[in-house]
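S.K.: All chains should be built: construct the whole structure from the sequences, respecting the hints.
So the protein lines, in turn, are chains A and B. Per numbering that gives the first Met the number 0, the very first residue in the first sequence carries number 0; after that it's consecutive. Per numbering that gives the first Met the number 0, the very first residue in the second sequence carries number 0; after that it's consecutive.
All the pointers check out, no bait thrown in.
Looking from chain B toward chain A, a few residues come up when the C-beta cut is under 10 Å (computed):
#, residue
1, S190
2, G196
3, Q204
4, E207
5, I211
6, A212
7, P218
8, Q219
On the chain B side, residues computed to face chain A include the following (Cβ under 7 Å):
#, residue
9, D74
10, N200
11, T208
12, E210
13, G216
14, Q217
Derived from the structure by calculation, the hints contain no laboratory data. Just so you know, even glycine gets a beta-carbon here, dropped at the ideal spot from N, CA and C.
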Amino acid sequence: MKAVCWHDKHDVRVETVPDPTILNPRDAIIKITSTAICGSDLHLYEGNIPTMESGDILGHEFMGEVVEVGREVKNLKKGDRVVVPFTIACGGCFFCKKDLWSLCDNSNPNTWMAEKFYGHSPSAIYGYSHLLGGYAGGQAQYARVPYADVGPIKIPDGLEDDKVLFLTDIFPTGYMAAENADIEPGDTVAVWGCGPVGQFAIKSAYMLGAERVIAIDRFPERLLMAQEQGNAEVINYEEIDPGEALKEMTGGRGPDRCIDAVGLEAHGTDAMAVYDEIKQGVKLETGRPTALRQAIVACRKGGTVSIPGVYGGFADKIPLGAIVNKALTLRSGQTHVQKYLQPLLERIQQEEIDPSFVISHRLNIEDAPKGYEIFRNKKDNCTKVVLKP
Amino acid sequence: MELIKEDLKTNPAIVADKIVNSPLVVKNLQQHSLKQVLAALSDRAVSNSENILERAAKAVGLKPNIIVEKTVTIDRAATELYNYWRDLTNLPTFMGHLKSVTHKDEAGKVSHWVADAPLDFTVEWDAEIVRDEPGHLIAWSALENAQIDNCGFVRFQPATGGRGTQVKVVLEYQPPGGALTDAIASLFGESPQEQIGDELNRFKQLMETGEIATTEGQPQGS
Numbered sequence: 000m001k002a003v004c005w006h007d008k009h010d011v012r013v014e015t016v017p018d019p020t021i022l023n024p025r026d027a028i029i030k031i032t033s034t035a036i037c038g039s040d041l042h043l044y045e046g047n048i049p050t051m052e053s054g055d056i057l058g059h060e061f062m063g064e065v066v067e068v069g070r071e072v073k074n075l076k077k078g079d080r081v082v083v084p085f086t087i088a089c090g091g092c093f094f095c096k097k098d099l100w101s102l103c104d105n106s107n108p109n110t111w112m113a114e115k116f117y118g119h120s121p122s123a124i125y126g127y128s129h130l131l132g133g134y135a136g137g138q139a140q141y142a143r144v145p146y147a148d149v150g151p152i153k154i155p156d157g158l159e160d161d162k163v164l165f166l167t168d169i170f171p172t173g174y175m176a177a178e179n180a181d182i183e184p185g186d187t188v189a190v191w192g193c194g195p196v197g198q199f200a201i202k203s204a205y206m207l208g209a210e211r212v213i214a215i216d217r218f219p220e221r222l223l224m225a226q227e228q229g230n231a232e233v234i235n236y237e238e239i240d241p242g243e244a245l246k247e248m249t250g251g252r253g254p255d256r257c258i259d260a261v262g263l264e265a266h267g268t269d270a271m272a273v274y275d276e277i278k279q280g281v282k283l284e285t286g287r288p289t290a291l292r293q294a295i296v297a298c299r300k301g302g303t304v305s306i307p308g309v310y311g312g313f314a315d316k317i318p319l320g321a322i323v324n325k326a327l328t329l330r331s332g333q334t335h336v337q338k339y340l341q342p343l344l345e346r347i348q349q350e351e352i353d354p355s356f357v358i359s360h361r362l363n364i365e366d367a368p369k370g371y372e373i374f375r376n377k378k379d380n381c382t383k384v385v386l387k388p
Numbered sequence: 000m001e002l003i004k005e006d007l008k009t010n011p012a013i014v015a016d017k018i019v020n021s022p023l024v025v026k027n028l029q030q031h032s033l034k035q036v037l038a039a040l041s042d043r044a045v046s047n048s049e050n051i052l053e054r055a056a057k058a059v060g061l062k063p064n065i066i067v068e069k070t071v072t073i074d075r076a077a078t079e080l081y082n083y084w085r086d087l088t089n090l091p092t093f094m095g096h097l098k099s100v101t102h103k104d105e106a107g108k109v110s111h112w113v114a115d116a117p118l119d120f121t122v123e124w125d126a127e128i129v130r131d132e133p134g135h136l137i138a139w140s141a142l143e144n145a146q147i148d149n150c151g152f153v154r155f156q157p158a159t160g161g162r163g164t165q166v167k168v169v170l171e172y173q174p175p176g177g178a179l180t181d182a183i184a185s186l187f188g189e190s191p192q193e194q195i196g197d198e199l200n201r202f203k204q205l206m207e208t209g210e211i212a213t214t215e216g217q218p219q220g221s
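M.R.: In structure tokens form, the structure reads like this:
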């Protein structure tokens, strides 16, 4: 089959590799019909996530048709159309039972590696470093799906791929970000980053009762999308200081809830941002938390900062004093995708949302390297690349 | 955590039991070897004497043995976990380096262990279960003339709030010199604690999900 393989920083290649096979009784093999490049894949592309190996198959947003199931998979059969959650989870451990699927105890065969970094291992993720399991990803023609009896959700006929593909990750991720923000009626929510997760966070914030959403980015096309699709007020941080602007726009109080949908490769314009870039360059820091710092300082007293943006390692100069003295609540986590699949599928079926609005590019899988390049450089108004295998 | 202060020599069986059931076993061994503690706890009359190496090491203030302790919480009842483990022939399923374990008597008290070593060699030894508390504890010790002198126990304790069972493994072995050093390195890895932790994780995966998580055999680019 064809697969998108990581080799090094800025070096991904489409290669012919063996087809995946069933390795465990609860596995299924999926023939992929749609797969996407995620903003977090760009962290791999930039070489910012440790423990990637040359030849690793990328991709954690994929869906397709079941072609084979292991002997313990009773709920799926050949021909079923499924969306696969990016977090690999067993469904039976303490954490899965508490609906904390991204914290699954059992899916990561390289637990010891993650324990070295984090103290404990989170769930494995497809195509996202050996620290997080080393599983082959879904930017390919076929993928092996472990725990297929509890993970994938069946998609009824009549819903095209583009509408449901983002149930794999970015729609639930934006939704969980809004849920983590503890939004109360009347709240103003500020969202840093108008990439796909930010766009879904904006829409989800309204679904969960926000009265106003203010979105922050620097790319005009993304701000326009936030405005037109998400009904958000927008701030271009290259034109105006977002801290001052947010304060003015919220009557001096600050946004009640702040969402950092940017993550470790934040771009900034101040001296601190230059400092981060130098430190990250020499590997003294693995994240540039510009957006997070702004969110913490901007947030109103007693408010919530929700962090769906991906951070992999360490970050400096977090304004801890502001967190303590303003009594802020910080919440984060990889998405517990399995928890959100059914309720969010229902919202799509009821036409409350059509997630396909974020797609800017549809490419053949052969053109994946080009997809990575334009997505990374935000060329050609690129917000989201869907690959057709 | 309070350390156990009583001396093993004053009341061997009771103190040994306290040590084996403490939350941090290695810390509580203090100047004793695990072998001495297990001997004090033994169902059978096992020699309680220290061997020459131990005595020599004590004389220069060193502990020659490598001791590892690792615990994992498994969402299953203690009895179920004990039963699986007590059939020692099951161990190679989740212990990567073990080739086989066979019972040598009907009660499964004495067993023969075969482990992989580099260059297609194997390391073999006989072990005996020295203490067996159904649903709670299995302790074993290698018999005389083992290629690797080792002993250990696995303990199953209910976690608080009905949150499954805490499974603790404590192992002690004596690194031999010469050609066997490499074999030992591959048996227990560069970090024995990590390796035992890995094996306990696989045991947990098997018990909680019915399979062991793997990526072995999946495709990758060249």
